[in-house]
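Number of protein chains: 2
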Amino acid sequence: MKGLLERAQAYDKSDPLASHQSAFCLPPSIVYLDGNSLGPVSANAKHFLNECVEQQWQTDLIGSWNTHQWITMPQRVGASLAPLLGAEPHELISCDSISVNLFKLLSHIVNSCSERDTLLVQRGNFPTDNYVAQGLAQLTSGRITLKEVDTADLSRHLDTRVAAVVMSQVNYKTGERYDIADICEHAHRNGALVLCDLAHSAGVLKLDLHQLKVDFAVGCGYKFLNGGPGAPGFIYVAERHHNHLQPALTGWMGHRSPFDFEADYHPAHGVTGLLTGTPPILSMAALLGALKDFKGCAMENLEAKSHALGDFFLTALAELGIANQLTLITPTEHARRGAQLSFEHPEAYGLCQALIEAGVIGDFRAPRILRFGFSPLFLSFTNVLHAAEMLQRILASQSYRDAKYTERKAVT
Amino acid sequence: MKGLLERAQAYDKSDPLASHQSAFCLPPSIVYLDGNSLGPVSANAKHFLNECVEQQWQTDLIGSWNTHQWITMPQRVGASLAPLLGAEPHELISCDSISVNLFKLLSHIVNSCSERDTLLVQRGNFPTDNYVAQGLAQLTSGRITLKEVDTADLSRHLDTRVAAVVMSQVNYKTGERYDIADICEHAHRNGALVLCDLAHSAGVLKLDLHQLKVDFAVGCGYKFLNGGPGAPGFIYVAERHHNHLQPALTGWMGHRSPFDFEADYHPAHGVTGLLTGTPPILSMAALLGALKDFKGCAMENLEAKSHALGDFFLTALAELGIANQLTLITPTEHARRGAQLSFEHPEAYGLCQALIEAGVIGDFRAPRILRFGFSPLFLSFTNVLHAAEMLQRILASQSYRDAKYTERKAVT
Numbered sequence: 011m012k013g014l015l016e017r018a019q020a021y022d023k024s025d026p027l028a029s030h031q032s033a034f035c036l037p038p039s040i041v042y043l044d045g046n047s048l049g050p051v052s053a054n055a056k057h058f059l060n061e062c063v064e065q066q067w068q069t070d071l072i073g074s075w076n077t078h079q080w081i082t083m084p085q086r087v088g089a090s091l092a093p094l095l096g097a098e099p100h101e102l103i104s105c106d107s108i109s110v111n112l113f114k115l116l117s118h119i120v121n122s123c124s125e126r127d128t129l130l131v132q133r134g135n136f137p138t139d140n141y142v143a144q145g146l147a148q149l150t151s152g153r154i155t156l157k158e159v160d161t162a163d164l165s166r167h168l169d170t171r172v173a174a175v176v177m178s179q180v181n182y183k184t185g186e187r188y189d190i191a192d193i194c195e196h197a198h199r200n201g202a203l204v205l206c207d208l209a210h211s212a213g214v215l216k217l218d219l220h221q222l223k224v225d226f227a228v229g230c231g232y233k234f235l236n237g238g239p240g241a242p243g244f245i246y247v248a249e250r251h252h253n254h255l256q257p258a259l260t261g262w263m264g265h266r267s268p269f270d271f272e273a274d275y276h277p278a279h280g281v282t283g284l285l286t287g288t289p290p291i292l293s294m295a296a297l298l299g300a301l302k303d304f305k306g307c308a309m310e311n312l313e314a315k316s317h318a319l320g321d322f323f324l325t326a327l328a329e330l331g332i333a334n335q336l337t338l339i340t341p342t343e344h345a346r347r348g349a350q351l352s353f354e355h356p357e358a359y360g361l362c363q364a365l366i367e368a369g370v371i372g373d374f375r376a377p378r379i380l381r382f383g384f385s386p387l388f389l390s391f392t393n394v395l396h397a398a399e400m401l402q403r404i405l406a407s408q409s410y411r412d413a414k415y416t417e418r419k420a421v422t
Numbered sequence: 011m012k013g014l015l016e017r018a019q020a021y022d023k024s025d026p027l028a029s030h031q032s033a034f035c036l037p038p039s040i041v042y043l044d045g046n047s048l049g050p051v052s053a054n055a056k057h058f059l060n061e062c063v064e065q066q067w068q069t070d071l072i073g074s075w076n077t078h079q080w081i082t083m084p085q086r087v088g089a090s091l092a093p094l095l096g097a098e099p100h101e102l103i104s105c106d107s108i109s110v111n112l113f114k115l116l117s118h119i120v121n122s123c124s125e126r127d128t129l130l131v132q133r134g135n136f137p138t139d140n141y142v143a144q145g146l147a148q149l150t151s152g153r154i155t156l157k158e159v160d161t162a163d164l165s166r167h168l169d170t171r172v173a174a175v176v177m178s179q180v181n182y183k184t185g186e187r188y189d190i191a192d193i194c195e196h197a198h199r200n201g202a203l204v205l206c207d208l209a210h211s212a213g214v215l216k217l218d219l220h221q222l223k224v225d226f227a228v229g230c231g232y233k234f235l236n237g238g239p240g241a242p243g244f245i246y247v248a249e250r251h252h253n254h255l256q257p258a259l260t261g262w263m264g265h266r267s268p269f270d271f272e273a274d275y276h277p278a279h280g281v282t283g284l285l286t287g288t289p290p291i292l293s294m295a296a297l298l299g300a301l302k303d304f305k306g307c308a309m310e311n312l313e314a315k316s317h318a319l320g321d322f323f324l325t326a327l328a329e330l331g332i333a334n335q336l337t338l339i340t341p342t343e344h345a346r347r348g349a350q351l352s353f354e355h356p357e358a359y360g361l362c363q364a365l366i367e368a369g370v371i372g373d374f375r376a377p378r379i380l381r382f383g384f385s386p387l388f389l390s391f392t393n394v395l396h397a398a399e400m401l402q403r404i405l406a407s408q409s410y411r412d413a414k415y416t417e418r419k420a421v422t
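Residue numbers (the numbering used here), protein chains in the order written: chain A, 11 to 422; chain B, 11 to 422.
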């Protein structure tokens, strides 16, 4: 069998996405395995942002709402996302954060389901998702109840009282991917809706929201979509729900005619009715630029490469003799994992810090999880081999036990 | 009496804020009277944004949450705003949009007022404010009712059923400024709270939120604060309310320990508990830079110059013999007006477009209002005179009746 380096080089040579790497502005000395937390900047993202500042804001000023179509930017970002999610362009809009967008969709569900009183939420989901459901339920003065259950038990709890299931497709900590199609089938058979958080899916997994029959989805722009820190999120609403949206959280940009300044709220048709206030145009310009980097990338190639990078990382750990020093907590089966691999290690924090100092950037989740993201547009197989080798070196030297690595920083 | 130009030059010479004009990157050929809608970019805003992209996002990547303190950016923007609002730094936070922030505060009010069932909202307020109140009331299934009354009647409707008054300090259309101190006094005497929208106040009026006894306030970053298109908004909560905040709309960034990823929501103390999702860091960096331009500016100087610019504009219109061709709908008394002057004209739309083509940028509000904003940091008295002279020329030539000006664009 060929050596690891030879194999890495061969994979890189036959990688259909290899040409995309040069679009990103990553420091040459690092291997960035944290695209699942904050994607890196690309030349397109910088170019769009720069145009937005220098030409649009600086020179054309307020007129840019017309001349540079700032007014349709949420829809244009949505349309750029559509091919990555298997959606129609008019089913998506970009705005606000996941928290805020979840609140809008959940409040619509609550406003439109007079007969059902339960929201079924996934235990272990990203905290925001359940906080939002908690806050909304409290506001209804007891009309709506939350039921929090393990993902494996969601189907079994679907009864005629459940208005909707709120869940993530991929678990942020473990990287496990759930069978959304199955949940949708069970939910719909019981007259319930499905609201799916795609934070760890968008831009990296092959999605077909139509085929999956997902009703509503949210996601963020700053992870695998590389839209920049805190980039605006997105909302997907299947077309069949476009006529009946009744969010409780609204704003003038979602009005059917915002510049008539009407006293009462009449939503615009479809997803546009889910806009609230004036969107953060600068952040949105960077996201629009970042999405250009996905042009012409088949979703199946993105997912296949991400899995191939992860598989090669696992192979390298095994062949370097360190696989048994870390406990993989992500399922290895492709259909059951997202684009990250998570490992447990008793000294995960120090290990993560030592890796970062060595130029291999992953992240840590308390109390002992190391997460590595395999973002397909900017990573090479050679990068991944380098990361595995650095991990081997650090484990061998036990440098990760050094106080300079184990002392906690505020955030990771 | 000296001529208009001589007076303009003399005012410019003695203007204590004149040195700030060079901080802004305005095209030399225009007079920008639309800072009440979108403030222009400054060198500081560009510098902060550029640093955020080139050094922080590009080079330091995910580590910037720690090393560049992205995690405290909402608080740092809040602290920069404090001297402009007469607030303590820890009473302010920057995040989301006015719509979303209003929803958080109103949901707190609704969650914490078990005995009162009415929200008193101001007729003619900026539409978003009342849409948000409408959406929230609907969600409570009848527990909360809205009462919409004219500003002059607010005090009279304050009774023991009113939980809070929701109003703007300055009317977005007419530029009229209301007596917040008086409303606060009446409200508090009746056990009600006051939530004030400062969209057209922040950065341009002398505010002392403490002295005014305002309970809660919101505002945006993109008008007189010059933070960029769709810049994040802000929330003010008087310290006396910091122990009891119960917003229904929450998110992980408002949790007391976001990186513990706890299953249940426990808010951080004070205004930090009003954060929701990950904030748009790029947009917030520009806003933080823009606020640097206010450093050392006394609020009374900002307000005084804004009023002086407006007064000089009115003088110029009178002396140029065109005052009677426009109907001023803003009170002239300083205490009763914000930083804009609004005029009615039967052909306001064409007039606005003709002015824009001549390099004088104001804006139009249907059906016949022309708005001119007198932003004190970047405008000179000579600018204002030039605007009045262009208006005179356009009115005299009647060029504003030309079809190229009267044909409506999508947005103004």
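Hints are computed from structural coordinates only; laboratory data are not their basis.
Incorrect hints may appear among the rest.
Pairs count within a copy or across copies, as identical chains cannot be separated in the list.
Computed list of lysine-lysine pairs in DSSO-like fashion (alpha-carbon distance at most 30 Å, straight line) [to be verified]: (1) Lys305 to Lys56; (2) Lys12 to Lys414; (3) Lys223 to Lys12; (4) Lys305 to Lys12; (5) Lys223 to Lys157; (6) Lys56 to Lys302.
Verification of the hints:
In this assembly of identical chains, the alpha carbons of Lys305 and Lys56 lie at most 30 Å apart whether taken from the same copy (16 Å) or from different copies (29 Å). For the identical chains of this complex, Lys12 and Lys414 are neighbours neither inside a copy (38 Å) nor across copies (72 Å), given an alpha-carbon limit of 30 Å. For the identical chains of this complex, Lys223 and Lys12 are neighbours neither inside a copy (44 Å) nor across copies (75 Å), given an alpha-carbon limit of 30 Å. Neither within a single protomer nor between protomers do Lys305 and Lys12 lie at most 30 Å apart by alpha-carbon distance, with minima of 34 Å and 64 Å respectively.
For the homomeric pair Lys223 and Lys157, the shortest alpha-carbon distance inside one copy (23 Å) is at most 30 Å, but the shortest distance between copies (42 Å) is not. Within a single copy, Lys56 and Lys302 get their C-alpha atoms as close as 12 Å, and across copies as close as 24 Å, so both meet the 30 Å cut-off.
Hint compliance for this structure: hints 2, 3, 4 are broken, all remaining hints hold.
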